[in-house]
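Residue numbers (my numbering), protein chains in the order written: chain E, 1 to 212; chain Y, 1 to 217; chain W, 1 to 259.
Quick caveat, the hints were computed from the structure, so don't treat them as lab data.
Label pairs and their computed distance ranges (CB to CB):
| # | chain 1 | residue 1 | chain 2 | residue 2 | range |
| --- | --- | --- | --- | --- | --- |
| 1 | W | 194 | E | 101 | 35 to 45 Å |
| 2 | Y | 104 | W | 111 | 51 to 61 Å |
| 3 | Y | 86 | W | 121 | 21 to 31 Å |
All C-beta atoms, glycine included, are put in the ideal place defined by N, C-alpha and C.
Read off the chains here:
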Amino acid sequence: MITLYDYELSGNCYKVRLLLKMLQVPFTTRALDFHPAREHKSDWFLKLNPLGQLPVIDDDGLLLRDAQAILVYIASRYDDSGVWYPRQDAAALGRISQWLGFADSLTATAGAARLHDTLLQAADIVACRARAHSLLRILDEHLWFAEQEAAGWLCPAEHPSIADLACFPYVMLSEEGGISRLPYPAVRRWGDRVKRLPGFIPMSGIFPAPAA
Amino acid sequence: MSRWFAVSASREIPRGHIAHTQLLGQELAVWRSASGELNAWENRCPHRGVRLTIGSCVGEELRCQYHAWRFASGSGQCTYIPAHPTQKPAATIRARAFPVREDGTFAWVNLAPEAAAAPPPDPGIARALRSMFVQAPVAELRAVLLGGYGQGSVTATDEYTLLGEPDLEFMLQPVSDRQAIVHARLRGHREGAERLAELRHHNALLSAVRDRAEAAA
Amino acid sequence: MLLGVPLTLHLVSEGAVHATGAVYEGQERLPHVQIRYGLVWLCLGIPARDIVDFPETRESDRIVCTGGSVAVAVSGLRAVENFLDLGHLAFVHAGYLGEEPHTEICAYRVEPLVDGGILATQCRVYQPRPSPMDSQGFDVDYVYAVRRPYSVVLFKANPVEKHRMDMIALLVQPVTEERCIAHVLMAYPPHNVDVASLRWFQQLIFGQDRPILENQVPKRLPLDPRAEISVRADSSSAHYRRWLASIGVRYGAIPVASA
Chain E
1 MITLYDYELS
11 GNCYKVRLLL
21 KMLQVPFTTR
31 ALDFHPAREH
41 KSDWFLKLNP
51 LGQLPVIDDD
61 GLLLRDAQAI
71 LVYIASRYDD
81 SGVWYPRQDA
91 AALGRISQWL
101 GFADSLTATA
111 GAARLHDTLL
121 QAADIVACRA
131 RAHSLLRILD
141 EHLWFAEQEA
151 AGWLCPAEHP
161 SIADLACFPY
171 VMLSEEGGIS
181 RLPYPAVRRW
191 GDRVKRLPGF
201 IPMSGIFPAP
211 AA
Chain Y
1 MSRWFAVSAS
11 REIPRGHIAH
21 TQLLGQELAV
31 WRSASGELNA
41 WENRCPHRGV
51 RLTIGSCVGE
61 ELRCQYHAWR
71 FASGSGQCTY
81 IPAHPTQKPA
91 ATIRARAFPV
101 REDGTFAWVN
111 LAPEAAAAPP
121 PDPGIARALR
131 SMFVQAPVAE
141 LRAVLLGGYG
151 QGSVTATDEY
161 TLLGEPDLEF
171 MLQPVSDRQA
181 IVHARLRGHR
191 EGAERLAELR
201 HHNALLSAVR
211 DRAEAAA
Chain W
1 MLLGVPLTLH
11 LVSEGAVHAT
21 GAVYEGQERL
31 PHVQIRYGLV
41 WLCLGIPARD
51 IVDFPETRES
61 DRIVCTGGSV
71 AVAVSGLRAV
81 ENFLDLGHLA
91 FVHAGYLGEE
101 PHTEICAYRV
111 EPLVDGGILA
121 TQCRVYQPRP
131 SPMDSQGFDV
141 DYVYAVRRPY
151 SVVLFKANPV
161 EKHRMDMIAL
171 LVQPVTEERC
181 IAHVLMAYPP
191 HNVDVASLRW
201 FQQLIFGQDR
211 PILENQVPKR
221 LPLDPRAEIS
231 VRADSSSAHY
241 RRWLASIGVR
251 YGAIPVASA
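All chains, please: the whole structure from these sequences, using the hints.
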């Protein structure tokens, strides 16, 4: 069984919980005292992940860090339908990887702004917000055309991929870092679509699915 | 100000969706009920001031996220207060609704309480282009558009409406003193790849307009 | 920052701290500062009375801990009012501190405290998971005491010991009129709880409140009863606003318009 080293308010931990729930994969969590005790920097945890970052999973001895890497692993290992991470489709894998990188950029900007505004962590808040806005502008344009050309997911397929789940948390939590999403109506509609997916779970800061 | 402003392409507010926008500093929750009725409400629950855009649409009602008070599509009348489930909410409890109309392409809002006249007529078969949010005052955006759009010239119909060549109409939405949105529609009918190419072409042109307006602001 | 005054805290040693760089009323001053309950307390003026007392923290067997401070872009008065609010529990904290269809808020008592403040008693709500250690839901009795404009304490029925209650205090630092930091102090009877799970639960719950608070418009708390509609379930909120108006609190508030 998978053990997820977890922090409730982490968007990167949430995306792992979200995929596990959507795939109905059983897992247990080990909650870390991220704030204020900084348990993710403790000696015992640094042995699991020398980067001192959450999440980490332990799947019967296989230890993995990095939220995006964990999504790739879980989808490859536990999604028999292959829709979340289509292993045989080179173009799709390329596109997904592109958005996994984008998700990391969201963490470094919108995510950092949120940690600054909620948990008072140091950040160049003006730069973080400006860069997050430039990412959201790119995302909104991409999603508007995705609605015109396909089903409105990040990658052109009928079914969403792990790319959508990777980008979802720090987009939806952006306002906790003082980044308004009012200028991004296509992002807003995409957020609604993600929330309506079967097995969707909310987290603190992300409201549950609107009624269809 | 009694004037109609386009605030979104109609098709971009599907049933059950609550869009978040702002007009002349007034924040709005523009939402469509399950049966398709469009509403433009002040973005604030009268109970504890929470933005209605974080709420959800439940059939013909909008439900506030905080205490799940429900407000009826059309009137804005509060229909249900879960803390007192057996009591009928007082008639005075209502979300503030602004006049809203649709013309086939766009949703239009008027901030005046009694908006008598209708919005400008639908120019016929028209397709909405991708609206462009601009971090610049509406006057700046207008000035850039009047300087030309692509290879064509642009003329002003009034302060917030401009015409481009050929068959192009721009509607400006003043969001705040420092932000604006340009909505645009194109007469004519195209399908498939041709239509997508046209949408991308205009998106590139409008992005250039945006960038110039933002650089000037 | 406190009340719009930026300052720097220096931890001298475990348990000793001093504050510098505080400039207000035209000159640099040395604020009164001390550590109590694991939190730093500051007073920019001359303290008229001691820090609010929590006798439960001195009961030796209780688990006493802070919850992890969280900043919120809203008036601290709105944060206190939300802490007092019963009607949102079934929705904002669904699955933990309430759930549908248990949404009705029955009448409860609100009265003034002798030393100022208000006391809400006879509050009862069905909670599926009232605390980190409860796996079963039950009807939970609540008592709230607002002891200062920015300090409120909640006593919750403990599932094991009927005569002792869980204590959760919300101590709000008004950073500016429209920003605050919520500090939480907890004192739980020692039954199946540890610091990590108390903090996990508290941050999960407060994390659900935070986006609600940050979406309140206006950010300051309106004290005029005509500004926002209240119903019977909002009795503690209405009393809180009235009390704030009566003692002349203006910071973080929108005062009652003179008629």
